[in-house]
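Once you've looked at the hints, dock chain B with the ligands against the given chain A.
Line order of the protein sequences matches chains A and B. Counting from 1, position 61 in the first sequence corresponds to residue 61 in the numbering used here; the numbering is continuous, with no gaps. Counting from 1, position 213 in the second sequence corresponds to residue 213 in the numbering used here; the numbering is continuous, with no gaps.
The set of hints was computed from the structure by calculation and includes no laboratory data. For glycine and all other residues, C-beta sits at the position ideal for the given N, C-alpha and C.
Only part of the chain A face toward chain B is listed, based on derived beta-carbon distances under 10 Å:
1) SER32
2) VAL42
3) ALA81
Label pairs and their computed distance ranges (CB to CB):
4) A:GLU98 - B:GLY489: 57 to 63 Å
5) B:GLU451 - A:ARG94: 55 to 61 Å
6) A:GLU98 - B:GLY29: 42 to 48 Å
Residues from chain A that keep clear of chain B, each with C-beta distances beyond 12 Å, as calculated:
7) LEU96
8) GLU98
9) PHE99
10) ILE100
11) LEU104
12) SER105
13) GLN108
14) ASP126
Spelled out, the chains give:
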Amino acid sequence: MNQTTQHGFEPKIIAFVCTWCTYAGADLAGTSRMQYPANVRVLKFPCTGRIDPVFILKAFQQGADGVLVSGCHPGDCHYIAGNFHARRRFAAFRKLLEFIGVDLSRLQFSWVSAAEGGKWVEVVTDLTEKVRAMGPMVEFKELALEEQWSGVIDTPELKEAYNAI
Amino acid sequence: MSRIGVFICHCGENISRTVDVERVASEIGKHPGVAFSTDYKYMCSDPGQTLLKKAIQEQKLTHIVVAACSPRMHEKTFRKAVEAAGLNPFLCEMANIREHCSWVHENREEATLKAIDIVGMMVERVKKNRILPTITVPVTKRSLVIGGGIAGIQAALDIADCGHEVILVEREPSIGGHMAQLSETFPTLDCSQCIMTPKMVDVANHPKIKLYTYSEIELVEGYIGNFQVTIKKKARSVDEDKCTGCGVCMTKCPQKKIPNKFDQNIGMRTAIYVPFPQAVPNTPVIDRENCTWFKTGKCGICQKVCGPGAVDFEQQDRLIVEAVGAIVVATGFDLYSIAEKPKGSPIKGYGEFGHGKIPDVIDGMTFERLASASGPTGGRILRPSDGKEPKQIVFIQCIGSRAREKGISYCSKVCCMYTAKHTMLYHHKVHDGQAYVFFMDARTPGKSYDEFWRRSIEEEEAVYIRGMVSRLYQKGDKIVVMGSDIAVGVQVEIEADMVVLATAVMPQKGADTLAQKLGISYDKYHFYSEAHAKLRPVECATAGIYLAGACQGPKDIPETVSQASAAAAKVMTLFSKDKLEREPIVARVREIGCVGCFACKKVCAYGAIEEKEIRDRQGNLIKVVAYVNPGVCAGCGTCQATCPSKSVELDGYTDEQIVAMIEAL
Ligand SMILES: Cc1cc2nc3c(=O)[nH]c(=O)nc-3n(C[C@H](O)[C@H](O)[C@H](O)COP(=O)(O)OP(=O)(O)OC[C@H]3O[C@@H](n4cnc5c(N)ncnc54)[C@H](O)[C@@H]3O)c2cc1C
Ligand code: SF4
Ligand code: SF4
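Bound conformation, chain A alone (with noise of 0.2 Å):
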């Protein structure tokens, strides 16, 4: 990449957040006044539990240049143990990914806990600056043009199926 462009690349960030330990770590980065590139926009979850890998796809077609993943950490989940079951899941979606060829520093996965502000800045800064030497991902938003979103019974064949039943 040249450097032309690259100096005029912002990324966009996208970070998928439980709402009890990293948001509440975004929270505090902010009272706290620290800084950081304002490049990321935050999505709230109960749980990393609720995260669903789609999401990321989604995420990644939607035009995101990088993808952060980060809840509390391993043993304080609010939830007894919805962060394992999104670690588990995880770490096969990150196989299927590499697989079909996404780079995977493009996807970040953290532990912040509500009393870890400066690791928010830290982690969201670090991500940003990586991407932003990786210049913009394309690879996904292709993808999004032929949009097959399972989530919503929204196709007539479907909902037609459903009824069948």
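Below, chain B with the ligands without anything else, positioned relative to chain A:
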């Protein structure tokens, strides 16, 4: 068509200093679906909330986004305001443009663009929000207490004194637990029976307490406020209503040489027995394994001598179902045995101490029974082997505890203190005797505890040796104790008359089975887990179930009683309302899509997912689907991300809402 109202807060200057709020308001005003968009200095203030309410009514707004601070700060405030204006509170969302934007970015342009993005994202989300009704569940104001040790007794009395009925279930024939076995108690040396038995009698006489002894929990169904508990009342062979507790049967029973568990098997009892004279209830039980009638069909003396005709050889186990709203688990502890090497357990036993085969090597609880005025020796310290008074006695602390190689790494917490107590009791009873204590550390935090421990050395002449014992063996009528004194760096050998081991406090055997029935979690040793180690120490993660006493971890009596009262207070908090209200962020199953794989059931840590049969009008089973009990669901959404057929959905965090947010970016 939705008419969305967007309200951008300046937060004084906290937001407006870096975010151009007017520009955000005007940009968002152009967003499809947005009918009204404005900015205001302090949205959370009274005039701010009035502005919001007025706009809802005048502009006929259907959905609201307040862009201000973190929802963790004011979501409740704005949802209340929205509700007051006649909208469902869950049609209001907050966009966090303070903590996540104005406070963390300096560049005004970047911050403003980010704020527009954040608000736009929430606008798209709120469009997909649905009306969510507040969920209420009825509360049965009766509670179950499992275990009748001091923890269960205290919790039961506290709850019953508040006027709520309590079902107290105890596995043994009498309540009392370990505290009833103790002689005198640290740190004040008051007699355990003297402080314990009045409480036991209070339980028996309390009009609000229903006591089931010699009973166990068979099955627990339901959820917070609405549990159904099946209790197995084992056949006592004595009719509790007829028995007057005269005890004639026990004096006549020919089977007199059965080791009494209550006396740590050093005292003997009959086949029809009460474990100890002050037992509550004072109704005997026939131990069918040792009763001549049950073994040979002959004898029946007790039945013949019983005036009121209470002995009933035909009695059967009975199942009783009770409905309760809350459960306190107070099943206490067990003690480590140096003899045991249970299969599959990390417990290793102590081969170097003769595996429990040396008769005068006893554990701390046996010493309590020897020292107890109502114990088998009438309070005299005598050796089990020959009944002689030991003149040299060695106490060894940390047996099993803090010994990773023996399978337990935790500290049992009470042994330092009770060993100090034992040296005192010994010195009071055997004036010319000498007590030695092998210890690793003396752990005596607690009010008046360290003073108590020091007294055992300074006034009661116990010799404390810091070090471990490597071997014990019988030599003639002595026990040779080989150890090291690490303070001085020498080997020590003592020829003792008796050795007392401070064995580790462990969970009850079968603690895991009970936990599985209750759906509560436990640690690797099978101590029950609290919901939060610091902030929710008496609650289980499973709503409506509370913990008290040593079943949660080693505890002394003051701590046990505090926790029991705390658990009772939690139960009373629950009972203070007729209905439980909870946030309607719960999962729901779309039955039509559910294929009944129950992947969701496996990941739900709360046991909220049940199996539900779908039948046609003729009553033929069509399929079995998942059903989420809204009273139990905690709203984590793990099931939704797990469901392979996308048939379970978490209200408030549906795929639709989240995808709308991603698409807005
Ligand atoms: C040798 C020794 C000396 C001690 N000395 C002192 C002292 O001087 N001072 C002090 O403060 N502390 C002392 N302690 C600690 C004290 O014994 C405990 O703090 C206290 O007994 C804990 O009470 P609990 O009710 O939690 O448990 P427990 O006393 O163990 O009671 C639990 C009850 O639950 C019943 N149960 C168990 N499982 C079930 C089930 N599945 N269903 C129904 N019922 C069940 C049991 O039968 C028992 O009655 C001593 C401990 C030991 C081992
Ligand atoms: S995981 Fe989904 S399909 Fe399987 S039982 Fe649960 S709701 Fe039904
Ligand atoms: S949302 Fe969480 S608590 Fe509720 S049913 Fe699903 S997995 Fe269980």
